[in-house]
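*Asks:* Residues per chain are reported as follows:
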Amino acid sequence: MFDVDVWQEIFSTIKKNKLRTFLTGFSVAWGIFMLMILLGSGNGLQNGVKEQFAENSVNIMWMWTGDTSIPYQGLKEGRTIKFNNADYNFLKEKDEDLELVSSRYYLPGNIMYTYKNEYGSFETSSCHPALKEMEKVKLTSGRFINDLDLNESRKVIVLAENVRKALFKEEDAIGKYVKLNTVPFKVIGVSFDAKRRDGRTSYIPVSTAQRIFNGADRVHTFAITTKMVNTAEEADSITAKVRQGMAQRHKFDPKDKRAMGSFNMLAEYIRTMKIFQAIKIFVWIIGIGTLIAGIVGVSNIMLILVKERTREIGIRKALGASPASVITLVLLESILITTIAGYIGLLVGVGIMEGINYGLEQMLAAGGGERIFFRNPTVDFTTAITSMVILVVSGALAGYLPARKAANVKPIEALRDEN
Amino acid sequence: MIQISNLHKSYAMGSNSLHVLKGLNLEIEEGEFVSIMGSSGSGKSTLLNILGILDDYDRGTYYLGGKLIQGLNETKAAMTRNEMIGFIFQSFNLISFKNAMENVALPLYYQKVSRKKRNQIALEYLDRLGLKEWAGHLPSELSGGQKQRVAIARALISKPQIILADEPTGALDSATSFEVMDILKDINNQGKTVIIVTHEHDIAAMTKKIIRLKDGVIEEVIKNGDLQLFKERILTE
Ligand SMILES: Nc1ncnc2c1ncn2[C@@H]1O[C@H](COP(=O)(O)OP(=O)(O)OP(=O)(O)O)[C@@H](O)[C@H]1O
Ligand SMILES: [Mg+2]
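The listed protein sequences correspond, in order, to chains A and B.
Residue numbers for the first sequence follow my numbering, so the first one is 1 and each next one is one higher.
Residue numbers for the second sequence follow my numbering, so the first one is 1001 and each next one is one higher.
Bear in mind the hints are in silico, worked out from the structure with no lab data behind them.
Backbone N, C-alpha and C define an ideal beta-carbon position, used for all residues, glycine too.
Fair warning: there could be bad hints in the mix.
[As the list claims (entries may be wrong)] The calculated lysine-lysine pairs, modelled on DSS-like cross-linking and capped at a C-alpha distance of 27 angstroms, are:
| hint | chain 1 | residue 1 | chain 2 | residue 2 |
| --- | --- | --- | --- | --- |
| 1 | B | K1159 | A | K15 |
| 2 | A | K307 | B | K1098 |
| 3 | A | K410 | B | K1112 |
| 4 | B | K1209 | A | K18 |
| 5 | A | K15 | B | K1076 |
| 6 | A | K405 | B | K1117 |
[To be verified] A few chain A residues that face chain B, going by a derived Cβ cut-off under 10 angstroms, partial list only:
| hint | residue |
| --- | --- |
| 7 | D5 |
| 8 | Q8 |
| 9 | K16 |
| 10 | T182 |
| 11 | K186 |
| 12 | I315 |
| 13 | A318 |
| 14 | A321 |
| 15 | N408 |
| 16 | I412 |
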């Protein structure tokens, strides 16, 4: 098999039958090309959607309250449910399914930001230090709110980059004071995230927000991260358990979506990824199907070749070719054609996907295309290797029948003068 | 060299079978130059194919060089053909996409001789047959006589003890036929056993022994000394 002469013999056959070889290889190249394009596109879509999820921790969950819509234990519907700091402590201490917790108090009305002569109205978010990790807040300078800020209800603020720009222009904002309405806050950090739509949010400690803006212990929403689970069902049951706990504390029906709303990202994430798993399997099936069509094509052409070459094979056998050497000749030719053609299809397919990827990256770098649900539409190394193995195996499969047929050619039958 | 006794061969033709060789006995010594004659369909090619281990037989025995040739598997048969027998066919049977040199070198490929070496040997043989300048040409670019000389070179290159030729001059004009026969005569003079099938009397007359087949057995063997007689008989016929 690794005899140079065998290969020379095969190459000289191929070289003298170029068109035939090309036609044979094309179907295989096409099959693997399609597989790569499909797999790459599938990956691109998946990565695009993953990217959307990646704006937050995948295991984040938000909760908010409203008015009850179902009567509960003699209590009428239409009661307003309100979270408070005790709920924070409950979530933090009692529920072992939860990891991080951050509460938010909505500041009343429009808050006017003032620095020297510059002013404007901007959105403010109040939170616990944990929010940085949960919502992946990125800082360009300074630091985020810490436990000390929270415990001492310090008047500190993490400014959104565009707010900083509006108020401070070219000036460095860290350590300076901005007024929120009439209250001065010390700037401790600047946050910026190019991918984030709500880049306009600035952050202050929730305790400070409650104290300064008359919130007492009122909490409007919670952001929590749940423990990581692998199935949507487990994620859903964590949601149900959290709801159960809150329902008990505030006396509403756990099924009452109006009384307390919640969104568990992890459950959605797992469901979405499951869809992609299905898409991937589907793509493989289609791809393999296309490839099988290619293999059948190669096998067919090789069969015709063997028939065409019956006389040649007969001559070879008369001159001393053993059945094994004839099998080797046909099989290796088939494997060689499939592998090389397949490799070309692979390269072209991967090349095109890389090209699209390059274009996407350029577009993203230029600041556009952030709404495109398509990222890194490439095929990984393992998949490429798997495909190559499939190719070699399919080459052998494609060559097997024709090779056996060739080996069975009887020299006398082949050499008989038909004319 | 060749001992055949009570050789039977029949071909299956649907439900019935065609009995071609019916208990044929034949002995050919080393270095003989034999022609096999007989009417069309008398089994000449069948006999030659069995001699060349291209086909098997039903009954009897066939010894080649002292070895019983019977029920060999394909691999063994191929090896024996490669080592002991050189074939020359009526229709040349050159491989169309290989040039003259590569065609001649092919038997050595199956003896695992390196490419460089076998091509060099092939060139020597082509030179001997006066075809050196044609080494790089494809069979389609050669005349019938040239093709047959390439085929002879190919038959000789593996240094077989026996050359089997089925109507080697069948596709050639008479002048070229005589050239080819001269070459075969030379080969025979160098000690090789040469067996040809022909139905041309003047070709047969150039060999040293004529075997006439009829009804699946040998009807007549005409030896060297009787050849003159044979010629005269043909002329009067
Ligand atoms: N493979 C085969 N299957 C069936 N019949 C066959 C086969 N090969 C030969 N025959 C028959 O066997 C008989 C002998 O054939 P063979 O080829 O040996 O004749 P031949 O003496 O060489 O004739 P020719 O001078 O025409 O070449 C013929 O009747 C032929 O039809
Ligand atoms: Mg014949």
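*Asks:* Would you mind marking each hint as holding or not holding in the structure?
*Replies:* Going down the list of hints, with the structure as the test:
Restraint check: the Cα-Cα separation between B:K1159 and A:K15 comes to about 30 angstroms, which exceeds 27 angstroms; the hinted pair is violated. Of the pairs offered as hints, the one joining A:K307 and B:K1098 holds, with about 18 angstroms between alpha carbons and a cut-off of 27 angstroms not exceeded. Proximity of A:K410 to B:K1112 is assessed by CA-CA distance (about 23 angstroms); at most 27 angstroms being required, the pair is judged to hold. About 49 angstroms separates the Cα atoms of B:K1209 and A:K18, which puts this hinted pair outside 27 angstroms; it is violated.
Taking the CA atoms of A:K15 and B:K1076, the gap is about 31 angstroms. The hint is violated against a cut of 27 angstroms. Taking the CA atoms of A:K405 and B:K1117, the gap is about 32 angstroms. The hint is violated against a cut of 27 angstroms. Evaluation of the A:D5 hint against chain B yields a held restraint, the C-beta minimum of about 6 angstroms falling below 10 angstroms. With its C-beta approaching chain B no nearer than about 6 angstroms, A:Q8 sits inside the 10 angstroms limit, and its interface hint holds.
Annotation: A:K16 was flagged as interfacial toward chain B, and the flag holds, the nearest CB pair being 4 angstroms apart, inside 10 angstroms. Because the closest C-beta pair between A:T182 and chain B is about 96 angstroms apart, greater than 10 angstroms, the hint is violated. Of the supplied interface hints, the one on A:K186 is violated, with its beta-carbon coming no nearer than about 85 angstroms to a beta-carbon of chain B, more than 10 angstroms. The interface hint given for A:I315 is met, as the beta carbon of that residue sits about 5 angstroms from the closest beta carbon of chain B, less than 10 angstroms.
Below 10 angstroms, beta-carbon pairs count as interface contacts, and A:A318 has one with chain B at about 5 angstroms; its hint therefore holds. A distance limit of 10 angstroms between C-beta atoms decides the matter here; for A:A321 the minimum to chain B is near 6 angstroms, and the interface restraint holds. For the restraint placing A:N408 at the interface with chain B, the shortest Cβ-Cβ distance is roughly 9 angstroms, inside the 10 angstroms limit, so the hint holds. A least Cβ separation of about 5 angstroms between A:I412 and chain B falls short of the 10 angstroms threshold, and the interface hint therefore holds.
Taken one by one, the earlier hints fail for this structure at numbers 1, 4, 5, 6, 10 and 11, listed in ascending order.
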